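Participant: Here is how the chains run, residue by residue.
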Amino acid sequence: MKLTTRLATATAVLAVGALALTGCTGAGPAAGSDGPIDTSGELSGTIKFQSWSLKNEKFSPYFEDLIAAFEEEHPDVTVEWLDQPGDGYQDKVLSQANSNSLPDVVNLPPDIAYPLVAAGKLVDLAAADSSLEDQYVPGAWEAYTYPGIDGTYGLPWYLGTDLGWWNGAALQQYGADTSALPTTNEELLSLAEQVGEASGGQMPLLSSMPTIDLFASSGIEVMNDDGEFVFNTDEAAAIVDQFASAYQAGALPAEALTGDYGGNADMFKQGKVAYTTAGSGFAGDLQRDAPSIRESVIATPRIGDAPLFVQGVSVSNDSKNKAAALAFAEYLTNTENQVAFAQLALGFVPGTVDGSADVGSLSESVTDPLQKEAMEIVSESMKTARILIPFQWTSAMKTYMDQQLALALKGEVGSKEALDKVVEYANDNLVEY
Amino acid sequence: MRSHKWYTPWLLVAPAVVWVLVFGLWPFLNTVILSFTDSRPLRTGGFVGLENYGRMLQDEQFGYALTTSVIYMIVCVPLLTILPLLLALLVEKTIPGIAAFRTTFYFPVIASVVVVALIWTWMFDSRGVINQTLQAFGLLDKPVAFLVDRWWLLACAILLTVWKGLGYYMVVYLAALGNVGRELHEAAMLDGAGAFRRFLSVTIPGVRGAMLLISALVAVAAMRVFTELHVLSNGTGGPGGQDLSIVMLIRQVGQGLNGDVGYASALSVALFLLTVLPLIAIAWMNRERRTVS
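Line by line, the protein sequences are chains A and B.
If you count by full-length UniProt numbering, then the first sequence holds residues 1 to 433, one letter each, in order.
If you count by full-length UniProt numbering, then the second sequence holds residues 1 to 293, one letter each, in order.
Since the hints were derived computationally from the structure, they do not count as laboratory data.
Please read these numbers as outputs of a predicted model, since none were measured by experiment.
Note that beta-carbon positions come from the ideal geometry of N, C-alpha and C, so glycine has one too.
For the chain B half of the interface with chain A, some residues (derived, Cβ under 7 Å), not all of them:
| no. | residue |
| --- | --- |
| 1 | LEU42 |
| 2 | VAL148 |
| 3 | THR236 |
With the rest of the complex left out, here is chain A (with noise of 0.2 Å):
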């Protein structure tokens, strides 16, 4: 009898731990929130604000002022900022939204805030508040709409894009002509070939593989309308065998197959690569680092469509002050402060219509004509400017592509026959919620 009772005891408690412990297998999905929200009463309570590698000597005193002005506007709110580092930043919001503890004003680039979205993780903020699509810039807004899933979920803070820079110096020692650069990728390809081998592999111009913005800003049709990856056409291919081509030439250095020299802009500083593509602010980047190679330095528009970033803000779907966290998100992204905000990440774009609508005036009272002459090169690309690579790109697929087409330059195998595997494979491991 003693012995049974000791049993059932230890099984009660067994069981209860089990029960216990299934609680910790990951938030599900909380409740969609898709009514209005009303942030013209009194507000009040505290709100966590979390930016991406935003607090440091040139943005601090920015955000300080900022939220010192929102506060004095609505005396009983407070707003604590939080601040992320820049890598693993998907992963820390992963384990915030997990633990149901994702900030009240989160910033989320369109493709981190998908997942999330699916989750049911943030606040519909077109049905939060209808008069907020009118105020912000078109492709942007809809760069926080989902096909199959309802509603608008980021509001657009900033937006960029980037540009080419050249090495005048290195390519004239090499015989290129720095009046003629090329406008296409075949040509930047053809002139890498011709570098790569004049230097001896010593300058390349490419230090990356291709990627699937390449491809896109190339014309080629990455998705179709049906949702499935179709990159694998004849076009694409071509590019991967001048890639390869180029690879044979030495014009990239063979680390490039693995990604270790992706950071071209880098390497750019360090005189060790003759091109790469930057944002505007790269000029100021290249006068602190590299200023001897800033003095021969070249900018020109991006080779093929320009690429458009999206950041911008969301609302937690956990927050226990929705009111008062829109209405920071939207006092963070009116055209006042984000004007404000443009002027000191130079090279970026208002995502308000009104804020983006003279982007040329953000770069008059810059005195450097580098500079100056780089975000007006920006500004003009802002025009054309797309989202090129779709959210539905993980870093899964963008590993195995690496993968893949690191053989394929290498020449083990056709660049057709990697293509398809990549397409497989990202067809393969689409997510879909």
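Could you slot chain B onto chain A? The hints should help.
Facilitator: Only chain B this time, still in chain A's reference frame:
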């Protein structure tokens, strides 16, 4: 005599039991359960039966990862079982300054494997010191792409593991050698045994327990290798993913907001089984020895 309540022993072991349940048994069981689902990090998955295991058998990259891990184990186990023993025999002598030698051999153990692997990356880079030196001496016409060739990359990683592990296992052997009786060596010498014969007949039987332990530790570590290959291949597993280890593949598949948790869990279960196999083999060998003795 004062007796305790029946539940007192339960209370005493409760913290340890809870610890094992929460941080050992439950995560393990949860991984097994997840391996039969199509779960994602923010979505509870549905039951998919053996689909993930079936996919594993057809996954080319799992084939690469399994090959890499098994080769790693096959090469590392003998190297890290024999070489540290020889090293320990060399530095076992009590001569002036020997402590400095022992410390030198132990240095790589102290250094962070990530830092060491990064340094090796720079060394073996196509513009690194090894290629430049070989070219300077006219031994190479053009750089060898050590880090983008399947077998060179694997060889570099194994070399790094062996170099880094030598000092640690040497210390284990030094402790084991201290227990080998000097009189056994003297008796063998009287019987006319030379140095090599004494090594085979006295030293090796004397440190056999340590050898089995080290073999087991190295086999498990080799099967779970990650950092060396990850850093040397910049996380890609080399061209085609041919140098992926199983742990790297688990990370590649399961990481991020869209990670395939179900398949990554199935890979983890497979890794667990593959890791247990060499342990069982070594335990069986140990049991044989006890039975014989």
